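Generate coordinates for the entire structure from the input sequences, incorporating the hints supplied.
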Amino acid sequence: MEVINRYVTIKTHVDGAPEESDFELKASAVALSLEPGSNEVIVKNLCVSIDPYQLNRMKSYSSSQKSSDFAVGIIPGEAIDTYGVGKVVISENSEFEKDDIVAGLLNWGEYTVIKPGGMLNKLNPMGFPLSYHVGILGFSGLTAYAGFFEVCKPKRGEKVFVSAASGSVGNLVGQYAKLIGCYVVGCAGSKDKVALLKEKLGFDEAFNYKEETDLKSTLKRYFPDGIDIYFDNVGAEMQEAAIVNMKIHGRIAVCGVISEYTDAGKRAAPSMIEVIYKRIKIQGFLAGDYLNIFTDFLSTTRDHLRTGKIKPLEDISDGVESIPCAFISLYRGQNIGKKIVKIAEE
Numbered sequence: 001m002e003v004i005n006r007y008v009t010i011k012t013h014v015d016g017a018p019e020e021s022d023f024e025l026k027a028s029a030v031a032l033s034l035e036p037g038s039n040e041v042i043v044k045n046l047c048v049s050i051d052p053y054q055l056n057r058m059k060s061y062s063s064s065q066k067s068s069d070f071a072v073g074i075i076p077g078e079a080i081d082t083y084g085v086g087k088v089v090i091s092e093n094s095e096f097e098k099d100d101i102v103a104g105l106l107n108w109g110e111y112t113v114i115k116p117g118g119m120l121n122k123l124n125p126m127g128f129p130l131s132y133h134v135g136i137l138g139f140s141g142l143t144a145y146a147g148f149f150e151v152c153k154p155k156r157g158e159k160v161f162v163s164a165a166s167g168s169v170g171n172l173v174g175q176y177a178k179l180i181g182c183y184v185v186g187c188a189g190s191k192d193k194v195a196l197l198k199e200k201l202g203f204d205e206a207f208n209y210k211e212e213t214d215l216k217s218t219l220k221r222y223f224p225d226g227i228d229i230y231f232d233n234v235g236a237e238m239q240e241a242a243i244v245n246m247k248i249h250g251r252i253a254v255c256g257v258i259s260e261y262t263d264a265g266k267r268a269a270p271s272m273i274e275v276i277y278k279r280i281k282i283q284g285f286l287a288g289d290y291l292n293i294f295t296d297f298l299s300t301t302r303d304h305l306r307t308g309k310i311k312p313l314e315d316i317s318d319g320v321e322s323i324p325c326a327f328i329s330l331y332r333g334q335n336i337g338k339k340i341v342k343i344a345e346e
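Residues in the sequence shown are numbered from 1 upward in steps of one, following the UniProt record's numbering.
It is worth saying that the hints were derived from the structure and are not from the lab. Since the model is a prediction, treat every value here as computed from it, not as a measurement. Please note: incorrect hints may appear among the correct ones.
Cβ pair distances, simulated, as ranges [said to hold, decoys possible]: (1) Asn93 <-> Glu211: 49 to 55 Å; (2) Lys153 <-> Ser299: 15 to 21 Å; (3) Ala195 <-> Thr12: 35 to 41 Å; (4) Ile248 <-> Asp15: 36 to 42 Å; (5) Gly308 <-> Glu346: 22 to 28 Å; (6) Arg332 <-> Ser60: 20 to 26 Å; (7) Gly73 <-> Asn93: 25 to 31 Å; (8) Thr12 <-> Leu105: 19 to 25 Å; (9) Asp296 <-> Glu95: 32 to 38 Å.
A virtual CB, placed ideally from N, CA and C, is assigned to each residue, including glycine.
Right, dumping it as structure tokens:
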């Protein structure tokens with residue numbers, strides 16, 4: 001028996017802003033049988049993650065492609081791997097059985113054949129929707145948790161600024177910060193997103209960066225005494241403005257620089273005098289660096305979800321064919337929260 005597996009790939013390398021014409025929906029037959037002893041697993045994909053960093057993998061060259069196993073370049077025409085949740089269809093791996101719910105590196109497609117050594121783990125949904133395990137209880141959540149608590153080392157009462165605050169990571173950083181008693185300001189790209197940050201997620205203040213002509217003055221207005229912690233998701237001018245407004249011994253977690261992903265010439269030029277004399281700590285990080293705290297992150301976030309102290313923010317599209325539009329939406333400011341594509345029902 002075999003099934004037709006539809007999957008999304010790129011036609012050629014993508015070195016600018018992604019367009020629908022850059023992608024192709026392919027189909028190939030997958031035999032629902034495995035060689036005995038192969039240690040392989042076939043997974044029916046249920047939900048897959050859509051993340052901005054994937055664009056760097058699609059480029060003909062990015063220095064990020066050499067820095068992490070999760071960031072290796074994507075070969076045009078081949079399936080694109082991502083984090084996701086699925087259901088085991090057939091297994092020759094003793095760790096997995098048919099119908100197990102699993103999480104790991106799946107494809108932007110309907111089925112994934114997991115080779116020996118592939119990243120795959122059994123998943124206990126814990127009563128939550130499977131989509132939560134792609135986002136808030138997955139790598140997006142771990143990124144927010146590790147970046148804020150491990151990199152920034154927050155203290156109660158500190159002043160926190162989060163850029164791209166309505167995105168998959170930023171919204172959680174703001175919520176974690178409020179839970180430990182910080183003053184939190186976020187920026188986003190529309191009035192609706194600003195309202196959501198303040199009214200639903202409990203940010204103290206928020207602003208639409210598209211309405212501001214002088215970001216340094218804007219941040220001075222919201223942080224007259226300076227910023228203790230800046231969680232940077234965008235880079236460029238926002239990073240420059242934040243550094244000017246940092247306090248002495250301020251900390252900056254550099255999670256992403258999405259403004260640079262589509263424009264190589266748009267890079268931050270922070271004042272190094274500020275960095276030196278204010279003794280500012282600036283640290284880039286990857287969620288994969290903090291897998292050792294995944295259990296703590298999961299336990300803490302799970303409890304906050306159950307008590308309603310943290311609110312999930314998801315943006316879900318349906319069907320494998322929606323993947324290109326879902327990905328492109330990240331660069332057009334159309335998503336709110338974690339972008340996920342639901343491939344199939346359980």
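Distance restraint hint 25 to 31 Å, applied to the beta-carbon atoms of glycine 73 and asparagine 93: holds (28 Å)
Outcome of range test on Cβ distance (aspartate 296, glutamate 95; 32 to 38 Å): violated (24 Å)
Pairwise beta carbon distance, isoleucine 248 to aspartate 15, judged against the given window 36 to 42 Å: holds (40 Å)
C-beta pair glycine 308, glutamate 346: status relative to the range 22 to 28 Å that was hinted: Since the Cβ atoms of glycine 308 and glutamate 346 sit about 25 Å apart, the hinted range of 22 to 28 Å holds.
Supplied distance hint 35 to 41 Å, evaluated on CB atoms of alanine 195 and threonine 12: holds (40 Å)
Hint check for leucine 105 and threonine 12 - Cβ pair distance inside 19 to 25 Å: holds (23 Å)
Outcome of range test on Cβ distance (arginine 332, serine 60; 20 to 26 Å): Given range 20 to 26 Å: holds, Cβ gap about 23 Å.
Beta-carbon spacing of lysine 153 to serine 299 - inside the hinted bounds 15 to 21 Å or not: At 20 Å between Cβs, range holds.
Outcome for the supplied range 49 to 55 Å, where the beta carbon pair is asparagine 93 and glutamate 211: holds (53 Å)
Checked against the numbered hints above, the structure breaks only hint 9 and satisfies the rest.
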